[in-house]
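Q: Sequence:
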Amino acid sequence: MSTKYQALLAKVYEIHDIDKATAVLSWDKETNMPKAGTQARIQQMTTLRRLSHAMFTSDEMGELIETAAAELQDAPYGSNEASLIRYLRRSYAESRLMSDEFVQRISEVSGKAHPAWVEARETNNFAHFQPHLVEVVKLGQEMAELYGYEEEKYDPLLDKFEYGMKTAEVRAIFNAVKAALIPLREAVVERGRAVDDSLLHQPFPIAQQKAFARTIAAAIGYDFSRGHLGTVVHPFATSFSRNDARITTRWYPDFLNPSLFGTLHESGHAMYEQGTHPDLARTPLARGTSSGIHESQSRMMENVVGRSLGFWQAHYPKLQELFPTQLGGHDVMAFYRAVNKVQPSYIRVEADELTYNFHIILRFELEQALLNGDLAVADLPTAWNDKMQELLGVVPPTDTAGCLQDVHWSQPSFGYFPTYALGNLYAAQFYETAVTQNPTIATEMAQGKTEALVGWLRENIHQYGRKFTPSELVHRITGGPLTHEPFMRYVTAKFSQIYEL
Numbered sequence: 006m007s008t009k010y011q012a013l014l015a016k017v018y019e020i021h022d023i024d025k026a027t028a029v030l031s032w033d034k035e036t037n038m039p040k041a042g043t044q045a046r047i048q049q050m051t052t053l054r055r056l057s058h059a060m061f062t063s064d065e066m067g068e069l070i071e072t073a074a075a076e077l078q079d080a081p082y083g084s085n086e087a088s089l090i091r092y093l094r095r096s097y098a099e100s101r102l103m104s105d106e107f108v109q110r111i112s113e114v115s116g117k118a119h120p121a122w123v124e125a126r127e128t129n130n131f132a133h134f135q136p137h138l139v140e141v142v143k144l145g146q147e148m149a150e151l152y153g154y155e156e157e158k159y160d161p162l163l164d165k166f167e168y169g170m171k172t173a174e175v176r177a178i179f180n181a182v183k184a185a186l187i188p189l190r191e192a193v194v195e196r197g198r199a200v201d202d203s204l205l206h207q208p209f210p211i212a213q214q215k216a217f218a219r220t221i222a223a224a225i226g227y228d229f230s231r232g233h234l235g236t237v238v239h240p241f242a243t244s245f246s247r248n249d250a251r252i253t254t255r256w257y258p259d260f261l262n263p264s265l266f267g268t269l270h271e272s273g274h275a276m277y278e279q280g281t282h283p284d285l286a287r288t289p290l291a292r293g294t295s296s297g298i299h300e301s302q303s304r305m306m307e308n309v310v311g312r313s314l315g316f317w318q319a320h321y322p323k324l325q326e327l328f329p330t331q332l333g334g335h336d337v338m339a340f341y342r343a344v345n346k347v348q349p350s351y352i353r354v355e356a357d358e359l360t361y362n363f364h365i366i367l368r369f370e371l372e373q374a375l376l377n378g379d380l381a382v383a384d385l386p387t388a389w390n391d392k393m394q395e396l397l398g399v400v401p402p403t404d405t406a407g408c409l410q411d412v413h414w415s416q417p418s419f420g421y422f423p424t425y426a427l428g429n430l431y432a433a434q435f436y437e438t439a440v441t442q443n444p445t446i447a448t449e450m451a452q453g454k455t456e457a458l459v460g461w462l463r464e465n466i467h468q469y470g471r472k473f474t475p476s477e478l479v480h481r482i483t484g485g486p487l488t489h490e491p492f493m494r495y496v497t498a499k500f501s502q503i504y505e506l
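The sequence shown maps to residues 6 to 506 in the working numbering.
No wet-lab data here; the hints were simulated from the structure.
Where hints are given, some of them may not hold.
Pairwise CB distance ranges (calculated) [as the list claims (entries may be wrong)]:
(1) A173 x D384: 48 to 58 Å
(2) N129 x G484: 41 to 51 Å
(3) Q11 x Q348: 49 to 59 Å
(4) S230 x P208: 28 to 38 Å
(5) Q348 x R494: 17 to 27 Å
(6) P402 x D22: 47 to 57 Å
(7) A216 x L151: 45 to 55 Å
(8) I111 x T488: 29 to 39 Å
(9) A41 x D284: 36 to 46 Å
(10) E191 x H239: 24 to 34 Å
Where a beta carbon is used, it is the ideal one built from N, C-alpha and C, also for glycine.
Build the full structure now, drawing on both the sequences and the hints.
A: Shown next, in the form of structure tokens:
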């Protein structure tokens, strides 16, 4: 092994450990920390982030990367060494573009915008958030210029979350999705057999919900010996190593879906991290390759597995045992149809599998308009409502249920929203390929089992972490680029059956 590469690894390990210590503090802040500790915790995390940034962007780090690269120039493309150097070179160049002053401005603008957004959302007062959003948009525009672009201003921001993907590619895919989904959605609404989901809206004691959440998380392959389930307001997954990947969820005393599907969703994220190869430990390769690919793993478990008939034929009897009064009089088919009910909603996180992508397409189109200066921030509420009418046929009664619903725009995270929908498309394409390569997966899925599927995901996706870009990974696995067609085949077959079209 190259001594230069060993020197690089030593520095990478140090930076990684600082970043994971920061992540532990962040997890604790969201799950256990008393509110009074907020200011001190922010200071602690800021210090660690500053140290990490300084170490990573130092001249010394740049020299370590390049000297190691020179010694390993003949290393195979897919080797851990070559993959790490490729990633570090790219990340180092990007990080060096961000001056300390600009990073500080981002922190200050976001620090003021977030509480303003919280208050605006609570009081349905867009005007209160408007001046802060103006500043956030300016930051996004400056970031685009800072990173540089050849085609569209949105490109470098999208690239931060889905490396290598261009705005034009996403637009073409989303336009195809939109053209295919709208007629299917209309057919379900106009001709479909009505679905009653009232059985999901009953009193469900939280203790039993927690017990069942652990049962189904373990059933799909989440390893609790290397994990933990916590309670939060806004669910997330995080990992400190492949042997410590934690999930969180929320519990509603009168609605079953959030705990069921939130747990499955976050388990999918954590299983990706648990499945990274041990040889990648303590390096930035030991995590998901992009936001979209990561989302494909959570959506795979939440929807493809967790909203399948086979899954509930296997697990519904246990749920009925826990809630005999609420569910004893409803058969598995009624439950399966209920958890797959299609109903255009105002809120993205409450959207069903068929309409969710419309919420993302709306945000993708509005983000570009804001960034390009084609839409004034003051006109956002009207533009939002117009898009909702166009895509979903409903108009939010308030801005709280409209353009103020998401936290994302209280910070310059333009480019992140598309990855949610890309995750749905990746998931369908991966699953279709998996079943073709290993028909046992479909047989097991019909019985509510996931061992073969998880084994395939481990072998083809999880173990590689960030060694390959999203595009490289999709081509390696499926033999071609990302396309909307597998997703459309999946939802058309599924919802045509549920709604008897």
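Q: Determine for every hint whether it applies to the structure shown.
A: Okay, the hints, checked on the actual structure:
Between A173 and D384 the beta carbon distance is about 25 Å. The supplied range of 48 to 58 Å is therefore violated. At roughly 49 Å, the beta carbons of N129 and G484 sit within the given window of 41 to 51 Å. A beta carbon spacing of about 57 Å between Q11 and Q348 agrees with the range 49 to 59 Å that was offered as a hint. Checked against the hint of 28 to 38 Å, the pair S230 and P208 passes, with Cβ atoms roughly 33 Å apart.
Range check, Q348 to R494: Cβ separation about 23 Å, and the 17 to 27 Å hint holds. At roughly 49 Å, the beta-carbon separation of P402 and D22 lies within the given 47 to 57 Å, and the hint holds. The hint said 45 to 55 Å for the Cβ distance between A216 and L151, and at roughly 50 Å that hint holds. For I111 paired with T488, a C-beta distance near 35 Å keeps the hint of 29 to 39 Å intact.
At roughly 42 Å, the beta-carbon separation of A41 and D284 lies within the given 36 to 46 Å, and the hint holds. Checked against the hint of 24 to 34 Å, the pair E191 and H239 passes, with Cβ atoms roughly 32 Å apart.
The structure fails to meet hint 1 from the earlier list, while all remaining hints are met.
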